[in-house]
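Novice: Here is what each chain is made of, one letter per residue.
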Amino acid sequence: AQSVAQPEDQVNVAEGNPLTVKCTYSVSGNPYLFWYVQYPNRGLQFLLKYITGDNLVKGSYGFEAEFNKSQTSFHLKKPSALVSDSALYFCAVRDMGTGGFKTIFGAGTRLFVKA
Amino acid sequence: GAGVSQSPRYKVAKRGQDVALRCDPISGHVSLFWYQQALGQGPEFLTYFQNEAQLDKSGLPSDRFFAERPEGSVSTLKIQRTQQEDSAVYLCASSVGDSHNEQFFGPGTRLTVL
Chain A
1 AQSVAQPEDQ
11 VNVAEGNPLT
21 VKCTYSVSGN
31 PYLFWYVQYP
41 NRGLQFLLKY
51 ITGDNLVKGS
61 YGFEAEFNKS
71 QTSFHLKKPS
81 ALVSDSALYF
91 CAVRDMGTGG
101 FKTIFGAGTR
111 LFVKA
Chain B
116 GAGVSQSPRY
126 KVAKRGQDVA
136 LRCDPISGHV
146 SLFWYQQALG
156 QGPEFLTYFQ
166 NEAQLDKSGL
176 PSDRFFAERP
186 EGSVSTLKIQ
196 RTQQEDSAVY
206 LCASSVGDSH
216 NEQFFGPGTR
226 LTVL
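Residue numbers (this note's numbering), protein chains in the order written: chain A, 1 to 115; chain B, 116 to 229.
These are computed hints drawn from the structure, not numbers from a lab.
Fair warning: there could be bad hints in the mix.
[As the list claims (entries may be wrong)] If you want the footprint, here are the derived chain A segments under chain B, 3+ residues with CB under 8 Å:
hint	region
1	36 to 49
2	99 to 109
[To be verified] Far from chain B by the CB rule (all over 10 Å, computed), these chain A residues:
hint	residue
3	8
4	20
5	27
6	53
7	56
8	63
9	66
10	69
11	70
12	72
13	73
14	79
15	115
No residue lacks a Cβ here, since even glycine has one placed at the ideal position from N, Cα and C.
Bound-form chain A, shown alone:
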C-alpha cells in the first residue's frame, strides 16, 4: 500500500544554517512527489514537485528536494534557513502504479527557525 513517512515531528535550526526535512515513501509504481507548506492561519501552498527527469528539483522560496529512488526518499532542503521559513511542511505522493488519483500526505513536520 502507498504511504508517506515524515520521521520528524519537529525540526529546529538556526537562521542561516542549512535545513533538511525528511520524507520517505512507499508506492507500487512510479511516484509523483510533492512538498507543500502551511503557514499559520493560511492554506496549504505548493513548494515543488518531482514527476520525472532531473532528480534535483528546485521550488519556491529557495527550497529544493532530491528524489532518491534507491532510498525511496524525497528530502526537502534549503542552504540557508530564514526565520520566515518557520511553518508546517507536508510531503505527498501519488502512486502512478495504482491507476487511482489519490494523493497521500505525510503527517507533517514543524520547522522552527531561530534567529
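Based on these hints, arrange chain B on the given structure of chain A.
Specialist: Same frame as chain A, but now just chain B:
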C-alpha cells in the same frame, strides 16, 4: 486572481445533523479534490473529480459521505447523520489538469460535531 474558496469557514453541528460544505475552485481548473484533516495530521484524501466526473471516491470513510460537482465547477461535500468522529477540517483543492499538477488549496471548513 481569486483562489479556491470554501464556505462556511466554520460549522458546528449536533450529532445526527446533515451538513453541506461548499467549494469554489479556481476558474478553469479541471481537477478537484476533497480532503479531511484531523488535528495534528496531514490531509487525508476523500475523493477526486475531473470536471463533473467523480473518478475516485476511495477515500470516503462511509456511505454517509457524498460529494458532487454537477457542472464541473462548484463542488459540495455532504455528510449525513454527522458523528463526533467527523469533526475535522475539510479541505478542497483544485488543479489545472490531471492530478499530477500542483494543487491549490482552499482555507478549509472546520467542522465540529457536538
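Novice: Each hint should be assessed against the structure and marked as holding or not.
Specialist: These are the hints, each one checked on the structure:
1. 36 to 49: The restraint on the region 36 to 49 of chain A holds, since 7 of its residues have a Cβ under 8 Å from chain B and three suffice.
2. 99 to 109: holds (count 9)
3. 8: Given that every Cβ of chain B is farther than 10 Å from that of residue 8/A, nearest at about 14 Å, it holds.
4. 20: Nearest chain B Cβ is 19 Å from residue 20/A, so the label holds.
5. 27: 13 Å, holds
6. 53: 13 Å, holds
7. 56: At about 18 Å from chain B, residue 56/A clears the 10 Å cut-off, so the statement holds.
8. 63: Holds, because the least Cβ-Cβ distance between residue 63/A and chain B comes to about 14 Å, which exceeds 10 Å.
9. 66: 18 Å, holds
10. 69: 17 Å, holds
11. 70: Label holds. Min Cβ-Cβ 22 Å, cutoff 10 Å.
12. 72: 18 Å, holds
13. 73: 17 Å, holds
14. 79: 23 Å, holds
15. 115: The assertion about residue 115/A holds, with a minimum of 26 Å to chain B.
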